[in-house]
Every structure is written in C-alpha cells, then in structure tokens.
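Visitor: Take the sequences, apply the hints, and build the full model.
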Amino acid sequence: MTAVMSRSPGRRSRRRRPETLLEYIGIGVSAGLLGLVLLLATVAIVVPRLAGAVPVTILTSSMEPTLPPGTLVVVKPVAAADIRVGDVVTYQIRSGQPEVISHRVIAITHSTTGGLTFTTKGDNNAKADPPVIADQVRGEVWYSIPLLGYVNSALDQGQRSWILPAVGILLLAYAGFLIVRGAVAAVRERARVP
Numbered sequence: 009m010t011a012v013m014s015r016s017p018g019r020r021s022r023r024r025r026p027e028t029l030l031e032y033i034g035i036g037v038s039a040g041l042l043g044l045v046l047l048l049a050t051v052a053i054v055v056p057r058l059a060g061a062v063p064v065t066i067l068t069s070s071m072e073p074t075l076p077p078g079t080l081v082v083v084k085p086v087a088a089a090d091i092r093v094g095d096v097v098t099y100q101i102r103s104g105q106p107e108v109i110s111h112r113v114i115a116i117t118h119s120t121t122g123g124l125t126f127t128t129k130g131d132n133n134a135k136a137d138p139p140v141i142a143d144q145v146r147g148e149v150w151y152s153i154p155l156l157g158y159v160n161s162a163l164d165q166g167q168r169s170w171i172l173p174a175v176g177i178l179l180l181a182y183a184g185f186l187i188v189r190g191a192v193a194a195v196r197e198r199a200r201v202p
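With this note's numbering applied, the sequence shown covers 9 to 202.
The set of hints was computed from the structure by calculation and includes no laboratory data.
All C-beta atoms in this analysis are idealised placements derived from N, C-alpha and C, irrespective of residue type, glycine included.
A few of these clues could be false.
[Said to hold, decoys possible] SDA-like, lysine to any residue: derived pairs with alpha carbons at most 20 Å apart:
| no. | residue 1 | residue 2 |
| --- | --- | --- |
| 1 | Lys84 | Val51 |
| 2 | Lys129 | Ile114 |
| 3 | Lys129 | Val86 |
| 4 | Lys129 | Leu163 |
| 5 | Lys84 | Val113 |
| 6 | Lys129 | Asp95 |
[Unchecked claim] Here are the computed distance ranges between Cβ atoms for each label pair:
| no. | residue 1 | residue 2 | range |
| --- | --- | --- | --- |
| 7 | Val51 | Ile116 | 27 to 35 Å |
| 8 | Lys84 | Leu29 | 40 to 48 Å |
| 9 | Val55 | Pro106 | 19 to 27 Å |
| 10 | Glu107 | Leu29 | 47 to 55 Å |
| 11 | Glu107 | Leu42 | 54 to 62 Å |
Guide: What follows is the structure in structure tokens.
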C-alpha cells in the first residue's frame with residue numbers, strides 16, 4: 009500500500025534555501041552592499057539634514073593627511089565664541105560668497121570691540137591664510153567620510169534632486185520584482201504537486 013501525501017491548499021510553500029557556497033556568498037555580498045549604501049546615505053544625507061549641517065567636498069590637498077582630496081566633510085553650524093584653536097572650520101573665502109575653505113584654526117584674536125578674528129592654516133600648507141572674521145565662518149567640521157566627496161562633486165544640485173527619488177523608485181521596483189518572482193515560484197510549485 010502506498011500513501012500519497014498531498015499538500016493542504018492553505019499551506020504556503022517554503023522558500024528555497026541557498027544550496028551552494030556561491031549562493032551564500034552572493035547573498036552575503038548583496039546584503040553587505042545594501043547595508044553599506046544605507047549607512048552611507050544615512051551619514052551623508054539624513055544625519056546632516058536633521059542636524060542642520062551641510063556636506064562639503066575637500067577639493068585640494070591643503071588639509072592632507074587629515075582630510076585628503078575627495079573627502080566629504082559634514083560642517084555643523086557653530087557660534088564663533090565656541091571655536092577653539094585646533095578646530096577645523098569651514099569659512100567663506102570672501103564674505104557673502106559661496107566658495108568655502110576648510111582649514112584648522114591656529115590662532116584667535118579678540119578685538120577691542122568684542123569681535124573675533126581667526127587665523128587658519130591648512131595642515132599641509134607652509135603659511136597661514138589671511139585673517140577670517142566671524143561672519144565668514146560657516147561652521148566646524150563635525151565628521152568626514154573619505155572618498156565620498158568625489159560622488160558629491162560629480163553631482164550638481166539639479167542631479168541630486170532627481171537621483172535620490174530615482175534610486176528609491178528603483179529599489180521599490182526591485183522589491184516588486186522579488187514579490188512577483190516569489191509568487192510565480194509558488195504557483196509553479198503548487199502546479200507540480202499532484
């Protein structure tokens with residue numbers, strides 16, 4: 009006597025487990041890359057926005073080896089009175105202009121009127137920069153991410169405005185694809201069971 013086991017119609021099929029080492033490696037690499045992208049997006053985009061900070065790319069070698077070219081620095085606003093010698097600050101080259109430099113404060117001068125003037129210098133530079141007044145200071149370097157500045161420089165503001173939504177749409181499309189693929193596999197599995 010033979011017994012035929014049939015599947016109950018309400019039971020869902022189990023997912024196929026990876027069978028080879030290569031499949032496990034592929035899953036691990038995919039998960040690792042996804043985690044890395046999410047982590048970088050969080051520290052380069054989300055955290056600065058929540059903290060009122062601004063990402064800035066280091067373009068020159070003036071701050072090497074601390075901040076080599078291509079480093080993305082996140083600059084957090086700071087009161088001029090809170091800046092200390094040794095802090096790395098980002099300041100406008102000319103007051104009111106968008107171009108900025110990130111250099112280390114090497115001296116602070118207090119004027120008789122109560123104003124502050126900062127003397128800055130790149131770690132890799134031989135001489136100090138011209139004096140910087142408090143109004144020129146945009147903030148203090150909060151943290152840095154090596155090499156990510158190259159991506160920031162490659163994308164202008166217009167591109168950034170559509171790339172993030174496009175990546176989100178692609179991730180949703182990929183999720184939809186995985187759901188459909190899983191549903192199709194389940195239907196095929198049910199069709200094979202007598």
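Visitor: Would you mind marking each hint as holding or not holding in the structure?
Guide: Against the structure, the hints:
1. Proximity of Lys84 to Val51 is assessed by CA-CA distance (about 13 Å); at most 20 Å being required, the pair is judged to hold.
2. Simply put, Lys129 and Ile114 have alpha-carbon atoms about 7 Å apart, close enough for the 20 Å limit, and the pair holds.
3. At most 20 Å may separate the alpha-carbon atoms for a hinted pair to count; Lys129 and Val86 meet this at roughly 19 Å.
4. Our distance criterion of 20 Å between C-alpha atoms is broken by Lys129 and Leu163, whose separation comes to about 28 Å.
5. Between Lys84 and Val113, the direct Cα distance comes to roughly 16 Å. Compliance with the 20 Å bound is thereby established for this hinted pair.
6. Only pairs whose Cα atoms come within 20 Å are accepted, and Lys129 paired with Asp95 is accepted, the gap being roughly 11 Å.
7. The beta-carbon spacing between Val51 and Ile116, approximately 30 Å, falls within the hinted interval of 27 to 35 Å.
8. The beta-carbon spacing between Lys84 and Leu29, approximately 45 Å, falls within the hinted interval of 40 to 48 Å.
9. Under the hint 19 to 27 Å, the C-beta atoms of Val55 and Pro106, about 23 Å apart, fit the expected range.
10. For Glu107 and Leu29, the Cβ-Cβ distance of about 52 Å falls inside the hinted range of 47 to 55 Å, so the restraint holds.
11. Between Glu107 and Leu42, the C-beta spacing of about 36 Å breaks the proposed range 54 to 62 Å.
Going through the hint list in order, the structure does not satisfy hints 4 and 11.
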